[in-house]
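**Student:** From these two lone chains plus the hints, build me the complex, please.
Okay, here's what each chain looks like letter by letter:
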Amino acid sequence: MSLYERLGGEPAFQSAVDEFYRRMLTDERVSRFFDDVDMEGQIAKQKAFLTYVTGGPAEYTGKDMRAAHAELNERGLSDEHVDVVIEHLGAVLLSMGAAPDDVGEVAALAESVRADVLGR
Amino acid sequence: MSPGQIEVEGQRIELEQGETVLQGLERAGLDVASGCRAGTCTKCLLQAQDAPPPASQRGLRPTLTAQNFFLACQARPTGLLRLRGSRGPEPVRARVASIDHLTEDVARLRLTPDERFDYRPGQYLDVLHPGGESRSYSIASLPSDGWLELHVRRIPGGQVSGWLHELAVDAELAVRGPFGQCFHVADDDQRKLLLVGAGTGLAPLVGIARDALEQGHRGPIDLVHGGLEPNRLYLRDDLDRLARESPQLRVHHCVLRGATAREHEGPLDQVAIRLAGALAGARAFLCGDGEIVHLLRRSLFLAGLPSGEILADPFLPSKPALA
Ligand SMILES: Cc1cc2nc3c(=O)[nH]c(=O)nc-3n(C[C@H](O)[C@H](O)[C@H](O)COP(=O)(O)OP(=O)(O)OC[C@H]3O[C@@H](n4cnc5c(N)ncnc54)[C@H](O)[C@@H]3O)c2cc1C
Ligand code: FES
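Top line first, the protein sequences correspond to chains A and B. full-length UniProt numbering applies: residue 1 is where the first sequence begins, and numbers increase by one. full-length UniProt numbering applies: residue 1 is where the second sequence begins, and numbers increase by one.
So here's chain B without its partners, still in its complex pose (with noise of 0.2 Å):
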């Protein structure tokens, strides 16, 4: 077989032969990250836009072999390979389509971007606050929806939330993305997904189990949304009715206290799993607060789900809480 040729930033490199990728950017002077050399560090994990050879994605997580990651000293392309340049996505505008307070603290936003904007339901967007600073909101709309949809809960004191919270239809902004690798990859469609999380956790989930129906997926998909009270519980009609249209979906409500007939009252982690059964072949989803995420990741993992198969975004605060 002839050897291929890589491209990145507008530089082609014929690749000699048996060489790798990593090989062929070293020869050109390129400066590229490495350490095993043999497929298990990850150091020199890269993107391209092509996808890439089959063997420099073994090991990979799904979303990542879903976005053409791959491993540079795996891969001895055939034909041509562009690689991602480093440059992240550039801002795209946007402008509110409508908000809704749908509880005292959390407000759910339509954006229609004026730009294409490409992203799979469950990735995240950051929103650039006009002075300068930038957040992470997930999406929980699907692309065919045509805006993209985000769950804000207003922290106290909260500069782009607050300020999130207050905006009016038209009002414009930037947003800049997609990023994550939270989303769903329809590599089995009889898998059980078990989808957790607690608060505006439920966005990005909305958006996966959405997505996961769309795409076909036959297997059990369980969404177990947390709260402290009944009262946190946000579109928990629009779960229910989804729920209703959709034989393989099943929508939980939990709640730490407080809970009537219609909530399921523990420890997230502990409903979740007593929830989904049998974790054999299972993929989880788990997003929101960092706490929680790590408790649930935790949890799942102990009772037998492979660290491979739990996909996680924490909520993190952009700075440490004050102490």
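One chain only, chain A, in its complex shape (with noise of 0.2 Å):
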């Protein structure tokens, strides 16, 4: 069973991508290139990314992942800035009750998408 199912599927993740969301708006080493207009979008987009490093139903590819945050690196998305969002990711999935072995390995997945992320 993967992660995203075992920590309660579509449900679960839907406050959690709210959760993880107000961090992303509240911090501030990383709120500028989260404070977007289109929220919703904002929000559709956390939630794609949550399920798909969790081992939900979602599609990423690395064309996306560029395509997606082309504009934010011309905002200055830099190494700092992937690590604020592990950090939160980290944070939102141990509150939803995963173990620190899963958040190790979701982790491990958020790194391989960094160069995609920042583009290199």
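Source of the hints: derived by calculation from the structure; they are not laboratory data. Quick caveat: nothing in here was measured; it's all calculated off a predicted structure. None of the hints are false.
When the alpha-carbon atoms are kept at most 27 Å apart in a straight line, the in silico DSS-like pairs for lysine-lysine are as follows:
#1 A:45 / B:43
#2 B:43 / A:63
#3 A:45 / A:63
**Tutor:** As structure tokens, this is what we get:
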């Protein structure tokens, strides 16, 4: 069973993504990248991301990732911002009841998209 | 359980055992958007004329559910499911029944449509200007009123709002709709409803508040109307009267400057959050100018309201403001 399913699937992630996005909006290290007029669109993207990194039903290709972040790269998105996102991701998963080992696995998966996110 | 059928633009498709609507449409050679095929990405969202299987509506916003939207990849209907075609609504002719200039720049128009025009209060319609342009206006009335009520703010140099302000009683125009996801869904009659809007953002909120009351909503309804100064707050006597007649409705007037004893003063989002109190289980409706709606949405979300309970209609201009 994937971590996604173990944590309660879609209903659990619906509120988890709110929590994740609130953290992004209030962490001044990264908030400027997330404070988009299209909040609903932002939340949908975060939900797809959380679903993907926990092994749930979401598709992500390196190409999508690059395209989605091209504009943010121009605005200065860098390694330390990705670190902050991974930090919050771990905290949210722990609050949902994930084990530290699970969080480590998710962080490793999130690491694997770092190059695409940063357009390297 | 035997598999069902789908009907789309006159064509019947028999589903095979275990097949989803998405698979059925694809097998019939129709072009349907899809992504995850697992109910998360919502790319396969379709609308039906009949109620779709509940499993295909899980996780969707209540307003989408109420309009029979569903996820094709999750739908295994047992009976006949008729899909809505991709064509939008046809224009309907309407006549100006009355026009009242409520403040120096806001007019209330009541239109009587020539044909049946179904909508939910709070949704919007497009007014078609004879020159070919169209603009959206929210509907403040209830279907039982018999007319379509719009509140139109005159924008300096505005093509359609200026034209609407000059219309006389009995003038004819064409409208098309309804559109939009900002309306009351009676899924919990005890829920706290928070309705916040600035300027003519009041139009959909009046419709939503009256609709909720008419549908027997029993939980508290807080309607907060914001404006720059007290003289910009239109319809306040009507709103105050509605509040006196309905104990569960509280109406608050809010201005940025020059408040008297009858108004709250301060940024609309902060005033609204203070007045609303506890947000657990609440649903918010936010309407009006795009920037204000964004601010309200952000503030209420950070104050703890789930994103799925924030229904918003930003009144975006049809073309970007000239820099
Ligand atoms: C979903 C939706 C619902 C709406 N509901 C209502 C409603 O209930 N009542 C209502 O009055 N309006 C509403 N609007 C706005 C309305 O659709 C028009 O955009 C508005 O009336 C201006 O149209 P116009 O043809 O007069 O001006 P245009 O000719 O389109 O614009 C003239 C100039 O004014 C600028 N401009 C346009 N809008 C604004 C603005 N709001 N503030 C400042 N400058 C502006 C334009 O950029 C342009 O430079 C709604 C919009 C949307 C998208
Ligand atoms: S294809 Fe993603 S929800 Fe149906």
